[in-house]
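Chemist: Okay, here's what each chain looks like letter by letter:
2 protein chains.
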Amino acid sequence: MGKILLQSVFHNNKECNILINGTTFYAIDRQFSPAEIDGAEVVDCKGMAIFPAFYNAHTHAAMTLMRGYADDTPLFEWLNNYVWPLEAKLTADDIEIGSRLAVLEMIHSGTVFFADMYWHRERTMKVVEEMGIRAAIGVTISDKLTSPQDFENNFTFLKKHTGESERVSLVVMPHSIYMNTDESFKRSIAVAKAENYIFHTHLSETEKEVVDCQQQFHCTPVELMEKWGALSPNFVGAHCVHLNESEKEILAGTGSTAVVNPCSNLKLGSGIPDIAGLHSKGVNVALGTDGASSNNNLDMHEEMKIAALLGQLQAHSINKIFHKNDILTMATEAGAKAYGLHAGKIEEGYLADCLLVELDNAQMIPCHDYLSNWIYSANTNAIHSVICNGSFVMRNHHVDGEEEILRDAKKRAKEILER
Amino acid sequence: MGKILLQSVFHNNKECNILINGTTFYAIDRQFSPAEIDGAEVVDCKGMAIFPAFYNAHTHAAMTLMRGYADDTPLFEWLNNYVWPLEAKLTADDIEIGSRLAVLEMIHSGTVFFADMYWHRERTMKVVEEMGIRAAIGVTISDKLTSPQDFENNFTFLKKHTGESERVSLVVMPHSIYMNTDESFKRSIAVAKAENYIFHTHLSETEKEVVDCQQQFHCTPVELMEKWGALSPNFVGAHCVHLNESEKEILAGTGSTAVVNPCSNLKLGSGIPDIAGLHSKGVNVALGTDGASSNNNLDMHEEMKIAALLGQLQAHSINKIFHKNDILTMATEAGAKAYGLHAGKIEEGYLADCLLVELDNAQMIPCHDYLSNWIYSANTNAIHSVICNGSFVMRNHHVDGEEEILRDAKKRAKEILER
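Here the protein sequences line up with chains A and B, keeping their order. Counted the way the numbering used here counts, the first sequence spans residues 52 to 470. Counted the way the numbering used here counts, the second sequence spans residues 52 to 470.
These aren't lab readings, by the way, just hints derived from the structure by calculation. Yeah, the Cβ is synthetic: ideal placement off N, Cα and C, and Gly gets one too. Don't take each hint at face value.
Taking beta-carbon pairs under 7 Å as the criterion, some of the chain B residues facing chain A (in silico) [claimed, not checked]:
no., residue
1, A143
2, L155
3, L196
4, N347
5, D420
Once the Cα atoms are required to be at most 25 Å apart in a straight line, the calculated DMTMM-like pairs of lysine to aspartate or glutamate come out as [claimed, not checked]:
no., chain 1, residue 1, chain 2, residue 2
6, B, K375, A, D123
7, A, K461, B, E66
8, A, K65, B, E455
9, B, K371, A, E128
10, A, K140, A, D201
11, A, K65, B, E466
12, B, K65, A, E469
13, B, K371, A, D123
14, B, K375, A, D411
15, B, K461, A, E66
16, B, K465, A, E128
17, B, K97, A, E466
Incomplete in silico selection of chain B near chain A, CB under 7 Å [said to hold, decoys possible]:
no., residue
18, D123
19, N348
20, K371
21, I372
22, K375
23, P417
24, K461
Pulled out of the complex, with its shape left as it was, chain A reads as follows:
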């Protein structure tokens, strides 16, 4: 890690120079003294724009191994007869291989951070460390699915490994209200509050979840979270499809984050999250891809475009405009903020995470509005290079070791099916 001078890069509608020093943006668009740029790697960025990288605020990374498996099967049959039995066979090695494929796919599509709710977290942590990006890795808590010993291990693991890594944080992630007993869920909240952990859970993804919650607790999921004291700027709820107006206000008022995953919600028939409504009420809205089983990719750019289109339709219906800058923020800064990162903006002092995007791409031409082109027209094809934490993780469309990662994942997915 050292200095990188991005020369003649397109930013805020003009060419400028940007200096990265260590892990942060040192300065944007000014003259540098010889001492400041001494030892810097100079990168000629002529014909390229710089954009914030993506922060994927909700996924299950290693599910890449199940991409497209048994698609076109009705939801409960798909889960019961295909996804869950296959998941039950996954070993720690599988998770490592699946996570590596996931991280490779994310880097190629411009994502430098993901919040991961899955199993064998130590392996995913290892992969993230190796591949140079960031993650908030969950201790995924579900006392209905795991043994009492595993349940306790979550909290031991948290204590032991917190703060070990610069790029990987640990997050308390009870799967959901319905996959935990009250005791388990409340204890998770208590631990997160006492130790100041980010707290992430599935929230109001399906109509059934809301109905069940109302029957059991006589309130909606968001109201339950409020009652149990879970809501705060450290709270990150995934999906948030079925919320009433008052719940949106509660999320906004408590500084909580709603992560919307529109591709997954549409594909699984869960519904359409009210992206424009959440945003207009002042909720911190972030974007996630969900797992590759239900998307079927981890492409945040695609998620951003789909969120933008759905948001536009919703905004029209309340006579508003869903602005480009707000859309970009959802895909970048909002996710970073949710997980406590000072990142997601090309500004002095922010973490040096960014994309270099080719302007000489048919979908980026003409350049009436390069941000509009990026959000609505381009795809990840235009991403030339990716920088995370002040270091290149992809250069000129290539990630070190990618051929091997793809080969291993292909082989392993076949083997799992044959078990």
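Place chain B on chain A using the hints.
Modeler: Showing chain B alone in chain A's frame:
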């Protein structure tokens, strides 16, 4: 044009050989005699899958020149103060340059055919001829917008140029009910019927259009089309967002085609076309990108994924599954069929239009289901080569002359703004 032997290409879940002879698929997956493959160009397709190319059933190609222009402006302000004034400045040369950018973008994203409703058709025809793909070019009729002389010229042009080209057909395209007088619209129908032309028009895109039609004609747009005798297998309606159940049945019963353009409909706030409902009623549903002003690209793969996701949500609500094959058909064969092409399938006797898609792409791995990967996971990044009418129009991600096309479009878009 000669023979192309696609060797070891992945098709129907196995490697096989496919022979193209002239403009059609000669044979799929069998042994060939030396005489059959004599003189063939042999292409090693190991590691690549073959898929049908895309047929873009509704667009306004040269609007690429306005991509992203004045985005985030309220709809009527956007049209009145930005898009229409800029459109009014477009010359025939501009249309040629914009169409060339459009065709380049379409080839890169796997599209070999588009139905074009725009002006200076002779220039778009020229571009399509040069660049090797197909198009159904409209004589765009709007007597409310054009002079009586121009209105008459449409019909003269049709007579004069029909049948001139192997890959370009002419289509009768009155813009819409609201941009034509009754007389003009009815005459367009009469000409199309008398001369057996395909007939294409905007249909029920916005709620306002439906309300206005009901006020003026005391029936819905589809009912009006039926009353005026426009509906038949030669009828192609674009958008079809606001239809009641009976209108869907009328379209199905008459063999008409509904082209859905979900990206544009969401972005402009028009609504969500009932893709699964139209399909389940037996309507020939095709996909279109609409123009780049309201999408903002011409990427049929993206349109296919968004249509698939919306269709899944709609299908769930009527307890159905929206199958992969049906989704692929909408993006390929249904559009070809609407415009009278025996194309859109990898089958003997079909026009030799196809894509070679890289299987060694992170989003195509693992390969539990390669069609599912193609529809839901991949993007156009994975398209290695494109064949149209038995000839390569893109090889290894490169289209002849693309650098010049991009340069010209960039320059021209700037000049137009300065006029």
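Chemist: Would the stated hint for B/K461 survive a check requiring a Cβ distance to chain A of less than 7 Å?
Modeler: holds (5 Å)
Chemist: Holds or violated: the hint that B/D123 contacts chain A, with Cβ atoms closer than 7 Å.
Modeler: holds (5 Å)
Chemist: Let's test the interface hint: is any C-beta of chain A closer than 7 Å to that of B/A143?
Modeler: With a minimum Cβ separation of about 18 Å from chain A (threshold 7 Å), the hint on B/A143 is violated.
Chemist: Does the closest beta carbon of chain A sit nearer than 7 Å to the beta carbon of B/K371?
Modeler: violated (10 Å)
Chemist: Are the Cα positions of B/K371 and A/E128 separated by 25 Å at most?
Modeler: The given pair, whose Cα atoms are some 14 Å apart, holds under the 25 Å limit.
Chemist: Does A/K461 pair with B/E66 here, judged by a C-alpha cut-off of 25 Å?
Modeler: holds (17 Å)
Chemist: Identify whether the interface hint at B/K375 stands, where standing means a beta carbon of chain A within less than 7 Å of its own.
Modeler: Result: holds, 6 Å to nearest chain A Cβ.
Chemist: Could you grab the alpha-carbon distance between A/K140 and A/D201 and see if it respects the 25 Å cut-off?
Modeler: Satisfied, since the Cα-Cα distance of roughly 17 Å is no more than 25 Å.
Chemist: Starting from A/K65, check that the Cα of B/E455 is at most 25 Å away, please.
Modeler: Holds - the C-alpha atoms of B/E455 and A/K65 are around 23 Å apart, at most 25 Å.
Chemist: Holds or violated: is the Cβ of B/P417 closer than 7 Å to a Cβ in chain A?
Modeler: holds (3 Å)
Chemist: When the nearest CB of chain A is found for B/I372, is that gap smaller than 7 Å?
Modeler: holds (6 Å)
Chemist: For the restraint on B/N347, tell me whether the closest CB of chain A is nearer than 7 Å.
Modeler: At 4 Å from the nearest chain A Cβ, B/N347 passes the 7 Å test, so the hint holds.
Hints 1, 3, 14, 16 and 20 from the earlier list are contradicted by this structure; the remaining hints agree with it.
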